[in-house]
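Undergrad: Working from the sequences, and respecting the hints, build out all of it.
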Amino acid sequence: MNNEQQLAAVKEMEREKQLDAERSEQELVNVKQTVQKHRKVVSTEKVLEVENLHVSFTTFGGTVQAVRGVSFDLYKGETLAIVGESGCGKSVTSNAIMGLIPQPPGRISDGKVQFKGRELTTLTKKELRKIQGVDISMIFQDPMTALNPTLTIGEQLMEGVRTHFKVSKSEAKEKALAMLNLVGIPNPAERLKQYPHQFSGGMRQRIVIAIALICEPELLIADEPTTALDVTIQAQILELFEEIQAKTGVSIVLITHDLGVVAKIADRIAVMYAGKIIEIGDKREIFYTPQHPYTQGLLNSVPRLDLLEEELQPIDGTPPDLFAPPKGCPFTARCPFAMTVCEHVHPATTTLTKTHAVDCWLQDERAKQLWEA
Amino acid sequence: MLKYTLKRFVMMIATILIIATLTFVLMHSIPGSPFNEERTTNEAIQENLERFYKLDQPLPVQYAYYLKSIVTFDFGPSIKKPNESVNELLARGFPISFELGMTTILVAVISGILLGTFAALRHNGVIDYAAMTFAVFGISIPNFVLATLLIQKLAVDWNILPPATWSSPLHMILPVAALATGPMAIIARLTRSSMLEVLTQDYIKMARAKGLSPFRIIARHALRNALMPVVTIMGTMLAGILTGTFVIEKIFAIPGMGKYFVESINNRDYPVIMGTTVFYSSFLVFMLFLVDIVYGFLDPRIKLHKKEGEA
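If you read the sequences in order, they're chains A and B. Add 1 to the 1-based position in the first sequence for this note's numbering, that's all there is to it. Add 243 to the 1-based position in the second sequence for this note's numbering, that's all there is to it.
Keep in mind the hints are simulated off the structure, nothing from the lab. Check the hints yourself; a few may be wrong.
Derived DEER-like restraints, expressed as beta-carbon distance ranges [as the list claims (entries may be wrong)]: (1) A:K127 to B:N367: 20 to 26 angstroms; (2) B:L533 to A:G202: 31 to 37 angstroms; (3) A:S169 to B:D317: 54 to 60 angstroms; (4) A:E373 to B:N367: 54 to 60 angstroms.
Covered stretches of chain A (chain B as the covering partner; in silico rule of three or more C-beta atoms under 8 angstroms from a C-beta of chain B) [unchecked claim]: (5) 134 to 145; (6) 150 to 158.
Model, not experiment: these values are computed from the prediction. For each residue, glycine too, the CB sits at the ideal point set by N, CA and C.
TA: Quick look at the structure:
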């Protein structure tokens, strides 16, 4: 026993070592790939550009300026959350993008909405219908009322595909089944023949999402999609959104007043107040370094589990009357840092980082000096 | 669904029985008899006649014969026109009344729904105001007034349409118009208000967001939901239209059932009263039954509810 055997043993060991190394290398590659898969890659391709959007409604009491100059961009595969309290113009903004503002009494009085470079506000209703549901889809707040009670789920699902694409009934059905699978509805073939009242609230919202996604839109506008659901179902639906975005690469505009929802799925956040976006930024920027006093107030008014001692800080007062919007910053009346200038002149947009921008006089150099003194 | 239908069917039979009994009681509580006339007949003849029509029997026995005649659907001969049986009268009069009634209902439903839908789509517009003004007139003017006005203007003054009788489609226009205007106005108003409500629903907005054409949204998504209240009142409306035909038949000299129905009561012609009443009420109850079934088709939630009731 000899050298030969020893040599063989050593060789064996060496080979194992080598195999181990190869294996670990392979594992590393695998991990890298998984990380790659799970990390969200937001491209730089703009899907939606909203510029200086103004929407007003003519009523007996006068003209309400519901949206007063909203601008934002949305990139491919990204989720932008628009947050704000009731009546700040979130839903009107989303309806305006979707072309669902009833005219009259509504009117897009100024601004541009460009979907992949194509201007939407000047399209005729007929041209718009070719985009609605196909390129841009919408999810509504209350799944209990968003489905037609007299039509089966299948009919409501297939309707969109059959309207926009020349497909046979069986192809449409296949597509519908695939969609129900995607949104996680068990026994899709059977469920297709059922009516909305035979589904629970969470299931209905899944169906609404399936209907919105069936034509494979590039932009999904979700108008408070979880508000009407109970908390456990909310979480499921949010996970579904993430999953669908990962699978289809759809861009999402998420309208909500629930900061919890935002924290979970948004990439960027736009904070709206009195018909304007007053602060927009990356999720982290908005949550950790909010610049606008309103954003700060909004975050302070959310209950937190980690700060048990602290009392909730509500924002005192009410939003301004949009029949006669204030000349200056609309938040002046409720702002703890209000200065004289705020009342008279609307602040310009200050760009803090590549993604973070805010409309507030506090960002002005002169104001900074004033507060320091 | 089957159990439900059966249940409704049994209830239908019970309803008809109650109506028949009430008719019998009322009929015999009116003073007088078919042979009670100014011209006195020989007492022996009268007795014979009464025996022939079994009027000499005590009322419970007559009631039993009456029930038998309902079940066999043979009401025997008319008392006033002995050479004609009640069944023959029905067979002759009913098809005409039915034709008038059904045409009226069709006209009223179709035009009412169209009018109401257009009014709702042009809410607060000229069409809306015009349609609703028309509807108010339609509801407030009784059909016999409208009938005489139509005859006066269209038949007598302008001589466009025949004023009376029942012999060609042209003859149908005036009576149907007179009879249909009221129900049409009611349906139009009802359709309009329920359509306005449905149009604000989320599922309509969702249908719009799907990029469907306005026609499809109205026809497929809105109308079906908006028609529920219309179907609900259809039942009572049928009764109204069918009884309304009596007056209209009289005005336009249409040889339908109405004439026999009214005359038989004046004449105390018991077999004819029984025959027409039972026939009419059965028809009506059956129509209400149909309305219930249609309801289930329009709204699947109702069907399910009944299914659950089955278990």
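Undergrad: State for each hint whether it applies.
TA: Status of the hints after comparison with the structure:
{"no.": "1", "hint": "A:K127 to B:N367: 20 to 26 angstroms", "verdict": "holds (25 angstroms)"}
{"no.": "2", "hint": "B:L533 to A:G202: 31 to 37 angstroms", "verdict": "holds (35 angstroms)"}
{"no.": "3", "hint": "A:S169 to B:D317: 54 to 60 angstroms", "verdict": "holds (57 angstroms)"}
{"no.": "4", "hint": "A:E373 to B:N367: 54 to 60 angstroms", "verdict": "holds (58 angstroms)"}
{"no.": "5", "hint": "134 to 145", "verdict": "holds (count 7)"}
{"no.": "6", "hint": "150 to 158", "verdict": "holds (count 4)"}
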